[in-house]
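Asks: Listed here are the chains, written in short residue letters.
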Amino acid sequence: MSASGLVMNLRAIWARAYVRVVGANRELSWLFFDTFLPLLGTSAYVFIYKAMKAPPEFTGFVILGGAMTAYWLNVLWNMASQFYWEKEQGQLQLFLISPTSPMVILLGMALGGMFMTTIRAGSILILGSLIFRVQFTVQQPLLLALLFFLALAALYGLGMLFASLFMLYGREAWHLSNLLQEPVYLLSGLYFPVRGLGFWVAAAASVIPLTLGLDGIRQLAFGGAGWGFLAPEYELALLAFLSIVFIYFARRALRFMEELAKREGRLTLRWQ
Amino acid sequence: MAVSVSRRVREGFGAFRTATRLGWQIESNWADPLVFAIYSIIKPVAASLILVFMYLVITRGKAGTELFAYIYVGNAFYIFVGGVLFGISWAIIDDREHYEMLKYIYLSPIRIYIYLLGRGMARLFISAISVAIALSFGALLLKVPLRITAIDYPYLFAGLILGLGGVIALGIILAGVCLITARHSWGISESVAGAFYLLCGVVFPLDVLPRWAQAIGVVLPPTYWIEAMRRAALGEEVAGVSQVLGRFSNSSLLLVLLGTTAGLMFISHLFFRAAEGRARRRGLIDQRTDY
Amino acid sequence: MHPAIEVVKLKRLFRKKQARRSWRTVVALEEIDLEIQEGELFGVLGPNGAGKTTLIKILATLLLPTSGQAFVDGIDVVKDPRAVRRRINMVSGGEHSGYGILTVRETLWMFSQFYGVPGKVARERINELLRVVGLEEEANTRISRLSTGMRQKMNFARGFVSDPKIVFLDEPTLGLDVGAARDARNFIKSWVKDRPGKTVLLTTHYMTEAEELCDRVAIIDRGKILACDTPENLKRRVKKDSIFHLEVAGLDSWEGLHEIAGVKQLVSTPRDGFTELKFILDHEDVLPQLLGKITERGSRVLYMRKTEPTLEDVFIELVGRSLEVDTAER
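Protein chains in written order, with the working numbering: chain A, 1 to 272; chain B, 1001 to 1291; chain C, 2001 to 2330.
Please note that a few of the clues may not be correct.
Stated by the list, open to error - Below 25 Å or equal to it, Euclidean Cα-Cα: the simulated DSS-like pairs (lysine-lysine) are:
id	chain 1	residue 1	chain 2	residue 2
1	A	K53	B	K1143
2	B	K1062	A	K50
3	C	K2293	C	K2278
4	A	K50	B	K1143
5	C	K2198	C	K2239
6	A	K53	B	K1062
7	C	K2264	C	K2235
8	C	K2240	C	K2189
9	C	K2193	C	K2240
10	C	K2264	C	K2189
11	C	K2264	C	K2293
12	C	K2224	C	K2017
What the hints contain is simulated information worked out from the structure, not anything from laboratory work. Since we're looking at a predicted model, the values are computed, not measured.
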């Protein structure tokens, strides 16, 4: 990529992200619906464990899972499926005739969306930890931070891969997003240690970046006595691999689906 | 006058039927029936399995206890709440910003409640299938003590109708909220459903909540509804799991459900009217708020 | 030097669903050839469904042709869309995209950044465009609070915010009021004339717009280019003919009028209480016979005028239908 191309892409990322941040600040009703209520929803899972008289670290598992849910929902609905919305409202074609790539637009959406998402995740993490008195025993903070960022990189790569579907499809892909939501909650072990699924199911579920990311973060935040899936170092390496694979295939898939949609005349088709 | 009333009923029913058909078309036209069926199965089963694994991890593989059945059945019936809340409230956003039809719905003589209810019916129907699948899955594979012959059907249907009335009223409130706010995310109904999941003691006895949360829970109709569904499906013995709700007999539970649902319907009517007024004053009925 | 736009045997077919599992193929563009030079303001005139938007979508890299080639600034739109996108922008009339929660200025700024326009330049250009389209006062108004016309003006400004080398205007004045449409036309004209090297491809079904703006016009119908020349030369095709405009009351049918020797084309448009007829005649001598036939049917001629040829007449001669009727019917 040339220097001018890089500058242009950075400008585009900033512009699309800025729009998200400005939009969120202009109408603040989301603060209630996207931060306070999800905290209540996450708390429900804490109380299930309380009813079962589970060990205290499970409260922390749920809080971390609830916080990470915010990122999964941001990827699924505010980035990948957002392409559907953009297409339906006639914006997608305007993005595509600009010289920036769809990945740049998606990245801008993701970064802008992260403003809201991080507030949501942060409020669940901080308030949840305070309310339920979660005791963190953080080991290797650098490794923890790396795991978090690589999990997000792989997750957003997966989201971009998924977004490519919206180039061609409309409602079908939207429903696929809807369909994926709960199975991903289940398979990534958002509310219980993923090892509970059994080794092979957990191994298969590791293709979802949240699975390894969350498992590693939990081990490093609470000590992985007996319930961690893989050693955090292995999980970090696998997440690095997944990030590269997803971002590479997302790039290919976005190009491929754009071409296919252009051939079939569905790129600008609304109300599919 | 009588003619006019019957005509209005006929027209109202026609409008409801049209809105239901429209909702069904929008929800189902993207897939063939087989794919649609899979869709209806995967979501509820996955949601139920989350609880199953939470339980199994703690009890080290022991399912089939009374608490497990309590959690499982409550969760299964709660599928209705997410479905109906989404169906009714999303119709406002979808028709306003996507299909750009909300203003025309308002222009037509159809009552908006009837329209929203019709649009939400498709989700209600899909939810009903999902609930049935989740319950069957629990009975067949997870030793949840559900026996078709032991279910108290009159109680179940009475509770179901009242409970759904309450959920629809909640959906109308949320539709009012959508009418006056921007489309920030797709999951507003999910967030609201999540909050009720906590406050109504859907998957744990209300007793484990702190007192302030219990105080909110006991005025919300879904609390009594879910408890009634559990008693209808699992028998009156399940009443012993929660001390807070255990003091209500089956009939008094229905009575409280009736009272709280009626109250909620009244509040939802007032709220929606107020939201509608605000939307009309501020010109929000055909706004586009995406970003 | 290569042309700004070159189209060679460009064809696009679409499959349209008729019934369950039954499809039919629709020809949107049928092997068209076109060459537009740099600095030209080129018009594509045709009714709805003629293939104008399909042509623009292919050139704007949003649609692939079924066969044939298209080049924008010498670059193949199929092989290197990204390079084409650096040079173009597009405005579609009647379009009202945009994030409702953003202001007009924020929206224009966002799009300028997608083209890598430096901040200061973007700000100056946005101010200039807002002035030109008359949206200065609404610069900080949220899009959701704009009227349809204002939103379209903003969309029009968006098309120029990147200062593209080539701009595609697809029915750019559709839905604008008379004054706004005139301002938009003036802007398009001066944008091309004042900036050497800029090219505009404009599609329209308003013949006056094509006539007023365009250096050259292609008349397109059902995916085929029927004629392509300067408006003057096109009109010259019907100059030797006599064109009469009549308003007739009580005309139930105009059957038979076509068959009169010397009547080249006849188009009828029903109006409120009368019928508007447009005749293209080989020579004026046919007129008495024609009027005789009309009055024989008990009809009354309310008004008659001989008119100078317009692009509409050229369209009628080429297609046998009026652009106005055709557009309304489709």
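Asks: For every hint, state whether the structure bears it out.
Replies: Hint-by-hint comparison with the structure:
1. A:K53 / B:K1143: OK: A:K53 and B:K1143 at ~21 Å, within 25 Å.
2. B:K1062 / A:K50: Given that 25 Å is the threshold and the Cα spacing comes to 17 Å, the pair holds.
3. C:K2293 / C:K2278: 15 Å, holds
4. A:K50 / B:K1143: 23 Å, holds
5. C:K2198 / C:K2239: Violated, at roughly 32 Å.
6. A:K53 / B:K1062: Since the Cα atoms of A:K53 and B:K1062 sit roughly 14 Å apart, the hinted pair holds (cutoff 25 Å).
7. C:K2264 / C:K2235: It holds: about 15 Å lies between the C-alpha atoms, which stays within 25 Å.
8. C:K2240 / C:K2189: 30 Å, violated
9. C:K2193 / C:K2240: Since the Cα atoms of C:K2193 and C:K2240 sit roughly 32 Å apart, the hinted pair is violated (cutoff 25 Å).
10. C:K2264 / C:K2189: The hint is violated at about 35 Å.
11. C:K2264 / C:K2293: Holds, because 16 Å separates the two Cα atoms, which is no more than 25 Å.
12. C:K2224 / C:K2017: Holds, at about 23 Å.
Hints 5, 8, 9, 10 from the list above are not met by this structure, while the remaining hints are.
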